[in-house]
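Novice: Sequence:
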Amino acid sequence: MTTSPTGAPPRPQPAADGLVSAARRNLREIAHDLSHPSHPPVPPLANASKRWRRLLPYVVVFALAAIFVPVTLNVLTNEYGMAEGLAGLLTVAQTAPLLMLAHRPLQAWWIIFPADIVGALVLLVYPEPPMGIWPWPPPTLICYLFVMLAVALRETRRTVVSVWALTAAASLVLHLTATDRSTSALLPAFGAVITVIGAVIRERGDAQRRLAEQETISEAERAQRTLLEERARIARELHDVVAHHMSVITVQADSAPYRISDLPEQAREEFGAIAASARESLTEMRRLLTVLRSEGAEGERAPQPGLGRVQQLVEATVRAGLPAELSLPARLPDVPQAVDVSAYRIVQEALANVIRHAPGARTRVSITSDGAHLTVLVVNDRAEQPDSPLETTGTGHGLVGMRERVRLTGGTLDTGPLPDGGFRVAARLPLAPVTPTAPEDS
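So the mapping is simple: this note's numbering equals the position in the sequence shown, first residue as 1, plus 867.
In short, the hints are calculated from the structure, not lab data.
Every value quoted in this text rests on a predicted model; they were computed, and no experiment measured them.
Hints may contain errors.
[Stated by the list, open to error] Each pair of labels, with its calculated beta carbon distance range: (1) R1154 to Q1178: 32 to 40 Å; (2) E1182 to E1088: 34 to 42 Å; (3) E1151 to G1173: 23 to 31 Å.
Just so it is clear, CB atoms sit at the ideal spot from N, CA and C, and this is done for glycine as well.
With the hints as constraints, model all of the structure from the sequences given.
Specialist: The structure is reproduced here in structure tokens:
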């Protein structure tokens, strides 16, 4: 062993330090693995079929009865010396009702409870058994605990407490009857534990059901709120369309007396009334728009987009990284402004959904017309890359908005997945004025 010139012991070697650090790191990893399961907890039989889960309680109670009938009969005859006929009757009364635990546990308790008391009183006439357990033989005790568990899982808290209290009272009375051979405290003690376990399991199940119901209600409320928000948004956009037409009516009615010579006075009054009604309608529409607009939101100042800007929309989508193609005829027929805006918004929402749910998927946008209808078709292939969590969190307004826009124009909408993993959005909008269909949800 070598020492330093000052006589101090040598410093630890770097290799030894590395081994100690590695050992500590491995121990920490082992401790973490032992305290943190690698997979989230899964409830028992979570993946079992509904049919098997419905049958399982009946299988369990049948198995319990099949086990405890011969065991109870054997204990009563061999350990307690009871006559076989009497032992058979008590065995049937104390164990056969186990078959009722799956659907009527309280009724099973009403049969087993007095049968156990009668059995305890009958055992008083027999000499004390070698095992020295009275008034509840072991099979009887275990069967009764299963009954208490079933009652705790199915009945109300008041009923469960009442069952335990009656059990404790009966045990106390039997104990006072023969204090020298009584082990009656076992059943109330074990019964209290079983009752608490069953009540906790039942309360947890009730809480999970209430949570599931609340989530269902919340989801329905969110869907309804989304629908109403989308309808309000569409109404604000259609305000611009209607306001444009009303403004044209106002201008034409006001200028008619100056554009048309020798206009009768009655016609001048009619045009004036038309202009006044149009201006009043515009005022009422602005008030309605104020009600529809969210608090703190500002009005739209830019004109509503239409089919003339679909090319720019697709180009912007391509720049965002989505390979998209546009098929647009060189000349489209005259399109009503409401249909014009709706067609643009449908393409916009469809492309946004592709970017959100199928990033990188090749997309084809097609707009055609047969003279009576305008057809908007957006088809995307299967996504080349999985969508990220940020891309999957949308507002939920896409398909809802498309349906509402199509409904307001009197058209039809067809959406759904394709066999190759892609998705298809097809809207058919009438070019002639059509009365919109009634909304599905109010």
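Novice: So which of the earlier hints does this model not fit?
Specialist: none
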